[in-house]
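> Now for the letters of each chain:
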Amino acid sequence: GAVVSQHPSRVICKSGTSVKIECRSLDFQATTMFWYRQFPKQSLMLMATSNEGSKATYEQGVEKDKFLINHASLTLSTLTVTSAHPEDSSFYICSARAGGSGSGNTIYFGEGSWLTVV
Amino acid sequence: EDQVTQSPEALRLQEGESSSLNCSYTVSGLRGLFWYRQDPGKGPEFLFTLYSAGEEKEKERLKATLTKKESFLHITAPKPEDSATYLCAVQASGGRYIPTFGRGTSLIVHP
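The listed protein sequences correspond, in order, to chains A and B.
If you're matching positions, the first sequence starts at 14 in the working numbering and goes up one per residue.
If you're matching positions, the second sequence starts at 82 in the working numbering and goes up one per residue.
For the record, the hints were derived by calculation from the structure and aren't laboratory data.
Quick caveat: nothing in here was measured; it's all calculated off a predicted structure.
Built from N, CA and C at the ideal position, the CB exists for glycine as well.
One or more hints might be untrue.
Said to hold, decoys possible - Covered stretches of chain B, as calculated for chain A (at least 3 residues, CB under 8 Å):
| # | stretch |
| --- | --- |
| 1 | 94–103 |
| 2 | 118–132 |
| 3 | 142–149 |
As the list claims (entries may be wrong) - Derived lysine-lysine pairs resembling DSSO-like cross-links, with alpha carbons at most 27 Å apart:
| # | chain 1 | residue 1 | chain 2 | residue 2 |
| --- | --- | --- | --- | --- |
| 4 | A | Lys54 | B | Lys144 |
| 5 | B | Lys138 | A | Lys68 |
| 6 | B | Lys140 | A | Lys27 |
| 7 | A | Lys79 | A | Lys27 |
| 8 | B | Lys140 | B | Lys150 |
| 9 | B | Lys160 | B | Lys140 |
| 10 | A | Lys77 | A | Lys54 |
| 11 | A | Lys77 | B | Lys123 |
| 12 | B | Lys149 | B | Lys138 |
| 13 | B | Lys150 | B | Lys138 |
| 14 | B | Lys160 | A | Lys33 |
| 15 | B | Lys123 | A | Lys79 |
| 16 | A | Lys54 | A | Lys27 |
| 17 | A | Lys54 | A | Lys33 |
| 18 | B | Lys138 | B | Lys160 |
| 19 | B | Lys149 | B | Lys123 |
| 20 | B | Lys144 | A | Lys68 |
| 21 | A | Lys54 | A | Lys68 |
| 22 | B | Lys160 | B | Lys149 |
| 23 | A | Lys33 | A | Lys77 |
| 24 | A | Lys33 | A | Lys68 |
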């Protein structure tokens, strides 16, 4: 099946610094990528949707200046948490959609990135 | 508004005890219904996509079925390694391709 690679899997940063998480589709071109946040034992919370070459669309309540999303190519999207604070500590997961109809519409997830802000 | 309800929230089975997980949905027009498996601390792993009522798909001990109102994930003779949270999501036709997820069913299979 299709593979989505997310890096880093774990990162610890100091409060006030910024951290970047990368999401790559390894064997397909991702028309759309989604970024989620997940708290322990809770469901996925969609943060934003990004299409290649376009500005990301953020969900209500998500600060676009704090969570910068760049979908620079059909295989790479990045999430940058700017001026991170302890409350930003969470599990961040990306997913990617190949595009088109049928099996190309399936959405595949990355392995997730644990962010701890100290 | 699209809605997905999964039941039960949690399920404990003995090894070999077959059962089914339910995903009820309401959507303006169904583009696709997805099943995922999520292990603790990991991203969801894709299992199946179903597109139309009557469709069935199988993978090892898992079989997913779809009607116009719900989907079932049947687990036959489960093993402890099947323990995980199973997520169901629907994607409406038109729009931004954003899937709507249920809250998941946490499955524990005891040896």
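> Would you mind marking each hint as holding or not holding in the structure?
Evaluated hints:
Interface restraint, the stretch 94–103 of chain B with chain A: violated (0 residues with C-beta to C-beta distance below 8 Å; minimum three). Under the rule that three or more residues need a Cβ within less than 8 Å of chain A, the assignment of the stretch 118–132 of chain B holds, with 8 such residues. Check on the stretch 142–149 of chain B: 0 of its residues sit with their Cβ under 8 Å from a Cβ of chain A, so the three-residue criterion for coverage is violated. Taking the CA atoms of A:Lys54 and B:Lys144, the gap is about 25 Å. The hint holds against a cut of 27 Å.
This hinted pair does not check out: B:Lys138 and A:Lys68 have alpha carbons roughly 36 Å apart, beyond 27 Å. For the given pair, B:Lys140 sits about 44 Å from A:Lys27 by alpha-carbon distance, which is inconsistent with the 27 Å threshold. Of the supplied pair hints, the one linking A:Lys79 and A:Lys27 holds, its CA atoms being roughly 15 Å apart against a limit of 27 Å. For the given pair, B:Lys140 sits about 22 Å from B:Lys150 by alpha-carbon distance, which is consistent with the 27 Å threshold.
For a cut-off of 27 Å, the pair hint linking B:Lys160 to B:Lys140 stands: about 14 Å separates their Cα positions. Distance check on the hinted pair: A:Lys77 and A:Lys54 sit about 25 Å apart at the alpha-carbon level, within 27 Å; holds. At most 27 Å may separate the alpha-carbon atoms for a hinted pair to count; A:Lys77 and B:Lys123 meet this at roughly 25 Å. Between the alpha carbons of B:Lys149 and B:Lys138 the distance comes to roughly 16 Å, so the proposed pair stays at or under 27 Å and holds.
For the hint pairing B:Lys150 with B:Lys138, the CA-to-CA distance comes to about 17 Å; that is within 27 Å, so the pair holds. A threshold of 27 Å between alpha carbons decides the hint, and for B:Lys160 with A:Lys33 the separation of about 38 Å lies outside it, so the pair is violated. Annotation: proposed proximity of B:Lys123 to A:Lys79 holds, straight-line Cα distance about 24 Å (limit 27 Å). A distance of roughly 25 Å separates the Cα atoms of A:Lys54 and A:Lys27; the hinted pair therefore holds under the 27 Å criterion.
For the hint pairing A:Lys54 with A:Lys33, the CA-to-CA distance comes to about 24 Å; that is within 27 Å, so the pair holds. A distance of roughly 20 Å separates the Cα atoms of B:Lys138 and B:Lys160; the hinted pair therefore holds under the 27 Å criterion. In summary, the hint linking B:Lys149 to B:Lys123 is not supported, as the alpha carbons are separated by about 31 Å, beyond the 27 Å threshold. Distance check on the hinted pair: B:Lys144 and A:Lys68 sit about 39 Å apart at the alpha-carbon level, beyond 27 Å; violated.
Distance check on the hinted pair: A:Lys54 and A:Lys68 sit about 31 Å apart at the alpha-carbon level, beyond 27 Å; violated. Of the pairs offered as hints, the one joining B:Lys160 and B:Lys149 is violated, with about 30 Å between alpha carbons and a cut-off of 27 Å exceeded. With a C-alpha separation of about 14 Å, the suggested pairing of A:Lys33 with A:Lys77 holds against the 27 Å cut-off. Distance restraint check for A:Lys33 and A:Lys68: the Cα-Cα separation of roughly 17 Å lies within the 27 Å cut-off, and the hinted pair is therefore satisfied.
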